[in-house]
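Peer 1: Join the two chains, each given in its own frame, into one complex according to the hints.
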Amino acid sequence: SQQGEEDPQALSIQEGENATMNCSYKTSINNLQWYRQNSGRGLVHLILIRSNEREKHSGRLRVTLDTSKKSSSLLITASRAADTASYFCATVFGGSNYKLTFGKGTLLTVNP
Amino acid sequence: EPEVTQTPSHQVTQMGQEVILRCVPISNHLYFYWYRQILGQKVEFLVSFYNNEISEKSEIFDDQFSVERPDGSNFTLKIRSTKLEDSAMYFCASIPTGGGSPLHFGNGTRLTVT
Chain A
1 SQQGEEDPQA LSIQEGENAT MNCSYKTSIN NLQWYRQNSG RGLVHLILIR SNEREKHSGR
61 LRVTLDTSKK SSSLLITASR AADTASYFCA TVFGGSNYKL TFGKGTLLTV NP
Chain B
1 EPEVTQTPSH QVTQMGQEVI LRCVPISNHL YFYWYRQILG QKVEFLVSFY NNEISEKSEI
61 FDDQFSVERP DGSNFTLKIR STKLEDSAMY FCASIPTGGG SPLHFGNGTR LTVT
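So the sequences go chain by chain: A and B. Mapping to the working numbering: the first sequence position 74 is 74, numbers consecutive. Mapping to the working numbering: the second sequence position 34 is 34, numbers consecutive.
Rather than coming from a laboratory, the hints here were simulated on the basis of the structure. Glycine included, every Cβ here is placed at the ideal spot set by N, Cα and C. Careful: at least some of the hints might be erroneous.
As a list, the in silico DSS-like pairs of lysine-lysine whose alpha-carbon atoms are at most 27 angstroms apart [what the hints assert, rightly or not]:
id, chain 1, residue 1, chain 2, residue 2
1, A, K26, A, K70
2, B, K42, B, K57
3, A, K99, B, K57
4, B, K78, A, K104
Derived, one-sided and incomplete: chain B residues facing chain A with beta-carbon distance under 8 angstroms [to be verified]:
id, residue
5, P8
6, L30
7, Y31
8, K42
9, V43
10, E56
11, F61
12, F65
13, P102
14, N107
Isolated chain B, as found in the complex (with noise of 0.2 angstroms):
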């Protein structure tokens, strides 16, 4: 079965660097999306992309985020300058159509800010 898959699977940054974080979505999905959970909390909507650009992006997503799709397989997030509270796992998660469908998730990256 196709699945998501996120690298790395752990990242230690110091804070103030910047990180990219990469995911590969299902093939033939159309809608991506970001989200985050930061230890023993919930699991907290970040952005979400169609179409080659940003649908809707929560207040978390201020402006050390970024998201791009640079070729047709490869969906990142980038951190630009890192602060402490970013430690969190990262998961990416895609869907094929808009409506109805439920998410599939990577295994998520854990981002480690020291």
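Just chain A, with the same shape it has in the complex (with noise of 0.2 angstroms):
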């Protein structure tokens, strides 16, 4: 399988503190990205890493890639309860059609 897997698939926090999840991957990549999704609710993209990036930064969002472990993180510092969601990484791979490979997401919950 060349899907994502992340880990852990659920963890509990309490809001200020950071959380991190990670994703592994079997296959090269393009590109790497994270997106959320609240119950019930479509996934909104949240960042994208690209094969040749090591460290992204988008507000309180931090995501790494090391191409050599095949593996991604998320590291959401501060946490607010508004940030209890599932999370998936979704990869894209070499190839002549785009396409987003997701894996099983981890649930964040964030207790106030």
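Peer 2: So this is what it looks like as structure tokens:
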């Protein structure tokens, strides 16, 4: 399987704490993306990191990519109750067709 | 900000019936996708569509499924004879160009087959 796999499957933290979610994949990629999904809603793009990048920031989000280990992490700093959602990594592989392959996701619960 | 819109938000149908799920992608986008998510499971790729034809489809996208862009704005997914296991959230997505762009997703249609 080429899909990304996140861990942990579920993470529960207190407001103000940092949350770290990890993603691993199996083959070479063009880019890796992180998405958020509130319960019963669509996926919202958070951040995209290309295969030649190692780290990217967006507000309270920090994403790292280690292509040698085929892994990525998403760090949410100073978490808020509103960050409660499922977070998915999605990978884009080499090839002629542009297609995202999603992992199983991490359910993050931020307790107030 | 432009959005991908999907209708209906919830569709209930009986096994064996045909359903059509509708999507209006963002107007200047060129690549269109359908994904599905069975409750509690991962988001699975079904099909990609570009230049009025299927670019790629997964093994899930069998002969029961078809997609169409009947006019300049709508993008539809048809399931000819629904099965219980087709119950899922179906998400439409679009992007303006083929490489390096994040997908813009609609809020999904929850399909319940009884």
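Peer 1: Tell me the numbers of any earlier hints that the structure contravenes, in ascending order.
Peer 2: 5, 6, 11, 12
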